[in-house]
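Participant: What follows is the residue order along each chain.
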Amino acid sequence: MRHLVLAAALLVSFAARADGPPGAEEDDEHFAWEMDLFAGYGQLAFPSQDTAGVAWSSGGPAFALGFAYRGPHLTHPFVDISYIPMLTSAGYVNVDVPGGSRTLFVTNSTFALGLAIGPGWDIDWFRVRVGVGLYDVFVKTDASGQPNTVSQFGIGFLASLSAMVWRPDPFALGVEARLVALTFPTNGIYKTMWSAGLTGRWDFVRN
Amino acid sequence: MGILALGAAGCMSRQGAQPPTFPDGGLVGRSTPPPNPWSLQKALDGVYDTSSRFGSNVVVHSSQWGGVNPGDGMKASVSILAGDHFAFAVLQPGCFLDTTGETPLTRLVLEGYWRYLDESDPGPTSTGLVRLFVSPPEIVDYVCNAPAWDPGDPPGDPRPAPAIHAAFSGATGNGVNAPGSPVTVSWLRARKSRLNAEGRKTFFVGARQGGCKSSDNCGVSGNTPGGAILAAQLGADYLEFDVRLTKDLVPVSLHQGLFPGSVEGIFCTGWVEDYTYVELLSICRLRNGEVIPRVADMLEFIYTRTNLPTWLDSKTSDVIVPVSAILGDLQKRLVPCDPPPPGGLREGQRCLFPGSAPIWERGIIALPSSDFVTAYEQARAAGQLAPNQHCLVEQDPSALVSIPCVAWKPRYTLGPMTSEMQSLQEQGFFTGYWTINDPGTMDAFLTAAVPNGILTNRLGLLNQRFEMVGTTPPNTPYRVSTP
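Sequences listed follow chains C and F, in order. The first sequence begins at 0 in numbering that gives the first Met the number 0 and counts up by one. The second sequence begins at 0 in numbering that gives the first Met the number 0 and counts up by one.
A few of these clues could be false.
[What the hints assert, rightly or not] Cβ pair distances, simulated, as ranges: (1) Thr148(C) to Asp395(F): 47 to 57 Å; (2) Ser57(C) to Glu376(F): 44 to 54 Å; (3) Pro184(C) to Thr99(F): 28 to 38 Å; (4) Ser368(F) to Pro184(C): 23 to 33 Å; (5) Ser50(F) to Thr148(C): 54 to 64 Å; (6) Phe170(C) to Asp247(F): 46 to 56 Å.
[To be verified] Calculated Cβ distances over 12 Å to all of chain F for the following chain C residues: (7) Pro46; (8) Leu86; (9) Pro167; (10) Leu172; (11) Gly187; (12) Gly196; (13) Asn206.
Since the hints were derived computationally from the structure, they do not count as laboratory data. Here a beta-carbon is modelled for each residue, glycine too, at the ideal position from N, C-alpha and C.
Please work from the sequences and hints to get the whole structure.
Facilitator: Okay, here's the thing in structure tokens:
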């Protein structure tokens with residue numbers, strides 16, 4: 000069901016682009032290779048967290064590096080490499096151990112590194128991209144000075160919406176909102192993260 | 000649009016729900032428990048017909064749990080176990096004086112919840128409240144005016160069973176709504192005996208991971224102490240749970256990895272083996288909020304609060320030695336208390352559940368493949384296993400004989416293997432299958448091979464199917480039965 004909703008959303012996005020005016024840049028260029036950079040703030044969107052008794056820090060700086068090929072076709076393919084912070088917490092944990100219980104100070108953090116590919120569409124100032132890719136979710140725990148890092152690969156979906164508000168050729172600068180949804184084979188989407196910030200584009204090859 | 004779609008999809012995930020309860024504890028909350036928790040068994044157990052909700056040929060099963068250690072307290076439950084919708088009801092008994100009529104009358108009420116397991120998430124169409132009143136007065140008197148059971152007494156009710164049969168009437172409801180749909184429960188026949196000619200129990204219902212697997216969303220997670228209590232309430236005779244080792248070599252009970260749906264926690268990712276136990280405690284909870292239990296805690300809970308034997312399903316071969324060490328420690332610390340030990344309990348000792356078998360009969364290490372058999376044999380040769388450590392084999396029955404282990408538990412997809420089953424039974428081994436949840440398959444295997452047991456996630460269903468088509472095996476299995 001959730002995949003049908005996603006597919007329907009993609010179709011609507013596609014139809015919106017097909018009905019809209021062509022991008023100004025497409026009229027006078029045949030193709031371009033572009034590099035995209037994103038920097039902003041990101042955090043966990045779903046599920047929500049119980050903050051009782053724990054010091055929480057939601058999110059942190061988020062980054063992405065992307066490459067795309069724009070040709071005469073209205074759809075452009077892209078590849079996106081991203082760093083997405085999710086959550087950091089610190090707090091005391093009571094642990095029952097042989098001989099009694101003790102209290103430990105524990106810090107935890109989690110973030111994801113992702114590589115996604117997919118189609119994008121330029122609609123005037125706006126850019127919409129959706130993708131699918133591999134996301135490696137990292138968890139760092141530190142219980143009383145004993146750090147441990149664990150990671151787990153999974154499939155994720157990426158959706159982004161940009162507005163390129165300043166476009167000095169061959170560059171463009173704008174704002175971007177991104178959403179990443181992580182999936183697990185038996186459960187579908189189980190975590191989503193959002194990020195928002197500035198994005199820049201550089202057409203490093205074009206004819 | 001795509002962003003909206005992803006956000007909406009994320010919100011579709013569902014979480015567990017506790018079974019509905021009566022406001023303010025219901026009538027049972029204002030009643031007194033039966034003086035002898037075993038009196039219900041003789042008074043109520045049987046096969047019944049119901050007028051609604053549960054269908055016909057349902058099993059009424061009473062159970063005892065809770066234990067006799069300080070802070071525990073013996074409790075009794077009555078369950079209705081049905082085939083329709085894989086339904087069950089778990090009810091608590093209470094006796095009270097009804098003064099609403101002309102003559103004050105002692106009444107026995109059963110209150111609790113029902114659940115259909117053919118719907119994987121609880122909702123108003125798949126769960127609700129139940130309130131039943133027991134009749135006739137002779138049965139009520141037998142239960143509510145029984146001589147009080149003392150923790151130093153052997154378990155059971157020494158009185159003969161009542162000469163007449165019980166009946167129940169009351170109502171069921173949907174969701175948290177007050178029960179409003181009338182239901183009557185009428186006696187059909189006594190339950191089949193599971194004792195052979197020697198008077199030993201030879202058919203056993205096995206609970207896989209507890210009374211309810213996590214995906215069935217019963218309000219308790221699989222592989223937890225709460226799941227063990229639910230298993231006892233739903234008519235389990237033995238309990239299988241899974242064992243893994245944390246990074247700091249603490250045996251814990253979890254079936255698979257730290258997968259969404261079975262665990263909660265943003266940081267709870269990967270496998271148990273990736274973390275120390277302290278780290279697991281700090282980042283992971285099971286679906287219904289429980290901590291991932293240590294095997295030592297889990298076993299002590301089960302052995303002191305139920306009479307269930309345990310099959311410890313090794314997920315990696317390196318769990319064998321530490322689990323056996325835990326069993327060895329529990330053998331020393333958990334002692335029978337009926338009658339109490341001379342001089343009382345020593346420091347660190349606790350009472351086993353009344354009437355239950357000793358630890359070495361109740362803690363059986365499962366060996367799922369040849370690698371585990373080899374590791375077990377090496378550990379035994381090195382003197383690393385607890386005295387009288389018992390094992391079961393899931394694949395090659397020749398290992399069962401050569402080690403020897405006490406039970407053979409192949410997966411049912413290999414077929415009934417009737418001749419192998421019967422041959423091993425004649426040699427005194429326990430034979431059973433894992434894991435059958437489908438009524439047709441249960442019937443086929445119960446009739447084709449007459450096994451000692453079947454492991455299932457549908458405890459009520461298996462109890463009900465045994466009453467319908469099952470036969471008690473004639474041979475006494477080797478040291479797996481409870482007294």
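Participant: Now look at each hint and say whether the structure bears it out.
Facilitator: Hint by hint, here is what the structure shows:
{"no.": "1", "hint": "Thr148(C) to Asp395(F): 47 to 57 Å", "in the structure": "40 Å, violated"}
{"no.": "2", "hint": "Ser57(C) to Glu376(F): 44 to 54 Å", "in the structure": "52 Å, holds"}
{"no.": "3", "hint": "Pro184(C) to Thr99(F): 28 to 38 Å", "in the structure": "57 Å, violated"}
{"no.": "4", "hint": "Ser368(F) to Pro184(C): 23 to 33 Å", "in the structure": "24 Å, holds"}
{"no.": "5", "hint": "Ser50(F) to Thr148(C): 54 to 64 Å", "in the structure": "60 Å, holds"}
{"no.": "6", "hint": "Phe170(C) to Asp247(F): 46 to 56 Å", "in the structure": "53 Å, holds"}
{"no.": "7", "hint": "Pro46", "in the structure": "7 Å, violated"}
{"no.": "8", "hint": "Leu86", "in the structure": "5 Å, violated"}
{"no.": "9", "hint": "Pro167", "in the structure": "28 Å, holds"}
{"no.": "10", "hint": "Leu172", "in the structure": "21 Å, holds"}
{"no.": "11", "hint": "Gly187", "in the structure": "7 Å, violated"}
{"no.": "12", "hint": "Gly196", "in the structure": "15 Å, holds"}
{"no.": "13", "hint": "Asn206", "in the structure": "31 Å, holds"}
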